[in-house]
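**Student:** Could you slot chains B and F onto chain D? The hints should help.
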Amino acid sequence: MIRTVSVLAILLVLGALAAAVVPHLGMPRELAGVGREYARDGMEVTGSANLVTAVIVAYRGLDTLGEVVVLFCASTSVVLILTLFPLGVRPSPPSRIVEHTARVLPAPILLFAFYFIAHSHLSPGGGFPGGTVMASAFLLVMLGSTSVPGRSGSLPAIEALAGISFGLLGFWGVLTAGQFLNNRVLGTGTPGQLVSAGLIPLISIAIGAKVASEFSGVFAAFRKTGGME
Amino acid sequence: MSPTLMGIMAISLGSMMLSAAVVVLFVRDLLSAIIITGFVSLSASALFLLMDATDVAVTEASIGAVLATLIFLWGRGKIGGGE
Amino acid sequence: MSLFYWTVAGTGAGLVIVGLWGVLSRKNILRIALAFTLADTGVNLLLVWSGFLPGRTTPIIDGTVTASEAAASVVDPLPQALVLTSIVIGVAVAALFVVVAVLASRRLGTADVRRMKELRW
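Protein chains in written order, with numbering that gives the first Met the number 0: chain D, 0 to 228; chain B, 0 to 82; chain F, 0 to 120.
Just chain D, with the same shape it has in the complex:
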């Protein structure tokens, strides 16, 4: 009883605080502050037609590096816990629909993932969703068979290599232009071409490879502990 009343009191206080802010908001009509500068100069400074990718990889590249570190810590912790404290039983065999679908679908899914990563600076795209779609293609292959993945070192090796290459690309900027993750070292090229926008495509590929190998490692650890029913 006391618990319910205190929960309701907390929610009412938070709701009143939020409602006190709302009358001071209005519908904005113009871009303000930093967003205006990114929209105005984004394409000619970075060479990327996709302004959101320009902000993520070029203007706020250090925040993306921090996000990659957070993902690495989380996925390594998950795999470590599941390896140290095994939970498992044997995974159940897949049904006929899953088995036949897993022979056909992973190839178009991987093609879509590569397209999405490669066009990160031209159209809606990016390294993070592309890497996730790649990991889901690997998960489909894993779900379509009864074998449990063995002890492989290739997934952690790919992940480490992708992470290191992100850092090395940033340091290349330090060596040539005095600024970490400078985008100009390769030249911006003509915006709208597949090969353009400096370091942005390379960094997107590194991010995509890292995210894909991390989530595939997490799914392989789930599979070893007894399947995802």
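Hints in this document: simulated from the structure, not taken from any laboratory.
Backbone N, C-alpha and C define an ideal beta-carbon position, used for all residues, glycine too.
Where hints are given, some of them may not hold.
[Said to hold, decoys possible] Derived DSBU-like pairs (lysine-lysine); straight-line CA-CA distance at most 35 Å:
id: 1; chain 1: D; residue 1: K223; chain 2: F; residue 2: K26
id: 2; chain 1: F; residue 1: K116; chain 2: F; residue 2: K26
id: 3; chain 1: D; residue 1: K223; chain 2: F; residue 2: K116
[Claimed, not checked] Pulled from the structure, derived: some chain F residues nowhere near chain B, Cβ distances all over 12 Å:
id: 4; residue: G13
id: 5; residue: G50
id: 6; residue: T56
id: 7; residue: A66
id: 8; residue: K116
[As the list claims (entries may be wrong)] Where chain F lies over chain B, by a calculated footprint (3+ residues, C-beta under 8 Å):
id: 9; region: 11-25
id: 10; region: 29-40
id: 11; region: 45-56
id: 12; region: 62-76
**Tutor:** Same frame as chain D, now just chains B and F:
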């Protein structure tokens, strides 16, 4: 897209999302709760698309509606599907 | 347009409040994780909403939006970049939450948080 059409879509999606969120807390079966959470993520992805955030919509659809749902389904398989 | 604008804000705020209520009042550990994910989705919705300008278009410069008029016809790209980071980190936190919850409930034999009383001091 005309403002009235966007308003109608926002009202229908928003009301579905809020009622689905309340259902997640009270339904007895955990499998239904997990799938309804996936539905809320997918509707949020549709709202992101209506607000002209295309990268965010694809990321939310591929991460929130697929990966998070799979992780919760694995967890439910490990500790039973009770209340 | 103001109907759309304020409805999306209300949906985001409502999801945060329902998610918070679920974290505070439910007793199954997986249901608490689900409510946490709902609150996270609500926060991301509010962040993208803060950068939305009515009547404008996607921040991608192609045939329909040229570079010179970009600042006058696209929505704000900065909150969208922040929300991309936030979504990915949200799923990483949810994965760690579920794994630790599974381990704890296996060790302590229950999925009820009111009975997980091992740590008392």
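**Student:** It remains to establish, for every hint, whether it holds in the given structure.
**Tutor:** Taking the hints in turn, this is what the structure says about them:
1. D:K223 / F:K26: holds, 29 Å
2. F:K116 / F:K26: Status holds; Cα separation ~13 Å.
3. D:K223 / F:K116: holds, 30 Å
4. G13: Given a closest Cβ separation of 5 Å, the condition is violated.
5. G50: F:G50 not clear of chain B: closest Cβ-Cβ about 8 Å, inside 12 Å.
6. T56: violated, 6 Å
7. A66: holds, 18 Å
8. K116: Its Cβ never comes within 12 Å of chain B, the nearest being 18 Å, so this holds.
9. 11-25: holds (count 8)
10. 29-40: Holds, because 6 residues of the region 29-40 of chain B bring their Cβ atoms closer than 8 Å to Cβ atoms of chain F.
11. 45-56: n = 9 at 8 Å, threshold three: holds.
12. 62-76: holds (count 9)
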